[in-house]
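S.K.: Protein chains in written order, with my numbering: chain P, 1 to 267; chain E, 268 to 739.
The set of hints was computed from the structure by calculation and includes no laboratory data. Positions of the beta carbon are idealized from the N, C-alpha and C atoms, including for glycine. Treat the hints with caution; some may be incorrect.
[Said to hold, decoys possible] Chain E regions said to be covered by chain P (calculated; three or more residues, Cβ under 8 Å):
1. 673 to 687
2. 690 to 699
3. 709 to 718
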Amino acid sequence: MCNDLIIQDLHVSVQGNPIIKGLNLTVKQGEVHALMGPNGSGKSTLAKGLMGHPFYEIDSGEVIFNDVDVLELEPNERAKLGLFLAFQYPTAIPGVSLANFLRIAASAVRSAETNGSENNELIPMREFRKELRAKMTQLGVDDSFARRYLNDGFSGGEMKRAEILQLAMLEPKIAILDETDSGLDIDAVRIVGESVSSLVGPELGVLIITHYPRLLDYIRPQFVHILLDGRIVESGGWELTQVLEAEGYDPMREKYGIAETVQENTI
Amino acid sequence: MATPETREVDEIGISKDYQYGFHDDVKPTFKSRKGLDEEVINQMCDIKEEPDWMREYRLNAYEIFKQKPMTKWGGDLSQLDFDDIYYYVKASDRSERSWDDVPEDIKKTFDRLGIPEAERKFLAGVGAQYDSEVVYHNIVEELDKIGVVFLDTDTAIKEYPDLVKKYFGTIIPSADNQFAALNSAVWSGGSFVYVPPGVKVEYPLQAYFRINSENMGQFERTLIIADEGSQVHYVEGCTAPTFSSESLHSAVVEIVCMKGSRVRYTTIQNWAGNVYNLVTKRAMAYQDAQMEWVDGNLGSKLTMKYPSVYMMEPGARGEILSIAFASKGQHQDAGAKVYHCAPHTTSQITSKSISKDGGRSSYRGWVDVAKGAKGCKSHVVCDALILDRDSRSDTYPVIEINENDTNIEHEARVSKIGEEQLFYLMSRGLSEEEASTMIVNGFIEPLVKELPMEYAVEMNRLIQLQMEGSVG
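Required output: the full structure, derived from the provided sequences and hints.
M.R.: Below is the structure:
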């Protein structure tokens with residue numbers, strides 16, 4: 001089985017407006033990719049489209065993962081194959097503790113791995129608690145976190161740390177981080193960046209979608225791609241981030257003849 | 268269905284084949300004919316060997332019932348036929364105190380209800396109503412030692428006639444409403460609890476009961492007296508088998524909270540979809556006493572239930588926490604009433620409702636502050652969750668304030684399960700049904716966390732069953 005995420009000529013639109021216009025990208029397990037682009041270039045559309053948000057319409061193209069075209073699958077089926085999305089704006093689920101949610105989610109994802117059954121047997125409580133505690137320690141997350149209601153009243157930094165904790169517990173093969181650094185102060189970016197960095201390894205491929213290069217100081221990508229107007233216009237290594245840092249996106253826009261978009265279409 | 272011996276039990280000890288639609292062939296030892304008149308009541312009194320005062324009480328209530336017009340507000344009662352109901356069914360000849368004496372087929376039904384063995388040991392007493400009569404009622408020695416009385420009400424009339432007579436019908440008189448009158452005429456079973464001054468009962472007292480005779484009404488009568496400075500938690504849980512024709516359940520629960528006492532009354536009801544559940548629950552709280560109703564309503568065709576607290580003296584507090592789940596063909600007309608009859612009394616009402624598959628839930632509440640009841644506070648929160656377009660939620664709050672120096676707050680919110688919430692949970696591996704169930708369970712968490720452990724597990728399981736197949 002091939003655990004690479006292969007995106008081929010993907011076209012995605014939102015309410016009839018084309019946003020992603022023929023995107024090609026392959027992320028292999030163990031690789032770290034950064035996809036950088038200005039507001040309105042289609043970053044979040046790509047992230048949510050890959051995970052199967054019903055609001056985003058797939059017009060054409062293929063996304064192959066584990067030898068299947070995941071575009072045909074429900075979001076939970078994609079998760080069970082080992083795809084993970086760390087949300088830019090995680091949703092609050094009042095009344096559901098982070099621990100309880102994680103136990104159900106981890107059980108769902110793992111049951112698919114072992115027998116593919118729809119009927120999820122819960123991970124035994126003792127085993128789960130032990131694992132959760134270990135992961136929380138690894139990521140430096142406070143114990144009280146587990147008992148709090150999922151994202152309910154969380155600060156921006158807490159939400160992102162909860163996302164990374166979920167990443168650690170669900171053990172995906174490919175993780176997409178959608179603007180995980182947005183809305184965070186410098187310290188929070190460092191904490192989140194170091195957390196993700198500690199999870200990166202041969203079993204995990206990461207696609208970091210970001211506007212600013214600062215998160216990349218902590219998670220050094222091997223591959224950097226520039227997204228403009230729904231297409232990857234340049235790919236390279238670390239040096240591309242330095243170019244962006246120095247010059248911004250404008251020279252890139254001029255080079256490819258793309259006008260500045262006013263606001264990214266997010267919901 | 269698996270036999271009790273081979274029944275799978277999950278880690279928390281509840282039977283996996285816990286179902287709500289079974290029907291054991293228990294032969295009632297006596298069943299009145301359908302319909303109600305003086306003869307049926309007299310026959311019931313004869314069999315029960317009741318004292319004359321109770322016979323008179325019943326006959327008087329029956330006169331009141333006949334004169335009351337059919338209730339027009341709340342839900343649709345037009346299909347309720349009072350002549351098509353058995354008003355008295357006796358399943359066993361005597362009340363049982365020991366589990367060994369309980370007839371085998373009745374035990375089988377309890378097994379199917381999935382009452383775990385450990386729970387029986389854990390709890391201070393188990394009273395279970397079976398076909399209008401309490402057949403099993405076990406009071407542990409500790410309760411006897413500290414002077415707590417926990418009996419079925421029929422037995423209490425014989426053993427504690429003065430105590431029962433003093434309070435019976437004083438909180439909810441026969442003339443209060445149509446169904447209180449009916450209950451007063453034909454009541455059977457229910458629990459009687461007396462807690463002496465200063466005694467704190469550490470474990471919840473609980474009664475399991477269920478309807479198990481087609482077309483049979485259940486009319487329990489529960490009376491709880493918490494004497495000064497005492498504390499007790501009473502738990503009533505209920506699952507009902509499914510029948511095709513209409514069934515009526517109309518209980519009356521009266522509670523007296525004397526000075527400084529604290530009473531909590533917890534109910535989880537899951538009636539079959541053909542049951543009319545028309546219940547009157549009321550407590551009187553005296554100086555510095557606290558009364559808490561925790562009320563979960565699932566199932567039934569129509570539930571009309573508004574637990575109320577009358578705060579009679581300064582410092583009294585009333586709290587009502589209720590959850591209603593209305594599914595297809597169901598109307599949950601539930602709510603709460605608080606009456607601030609004295610100064611410096613406080614109340615809190617939290618109502619949560621869930622409507623699904625065309626179900627309808629209504630909150631009907633009443634906050635009343637009497638003239639001269641200065642410095643009262645009341646806080647009402649109503650949250651409704653609507654799961655689809657066919658379902659409905661209404662709020663009918665009445666606030667009547669006759670005193671300027673009060674602080675009343677009312678908040679109401681209606682929400683739908685958001686696409687973003689579903690997508691978020693599904694992106695973590697949950698199916699749409701699992702995701703919806705999780706959101707609903709989170710919504711009712713404020714009630715569930717107030718429940719004893721076994722009931723919390725049961726409540727979550729009931730929600731899960733209600734949510735099954737809810738996603739097309």
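S.K.: Hint numbers the structure violates, sorted upward?
M.R.: Failing hints: none at all.
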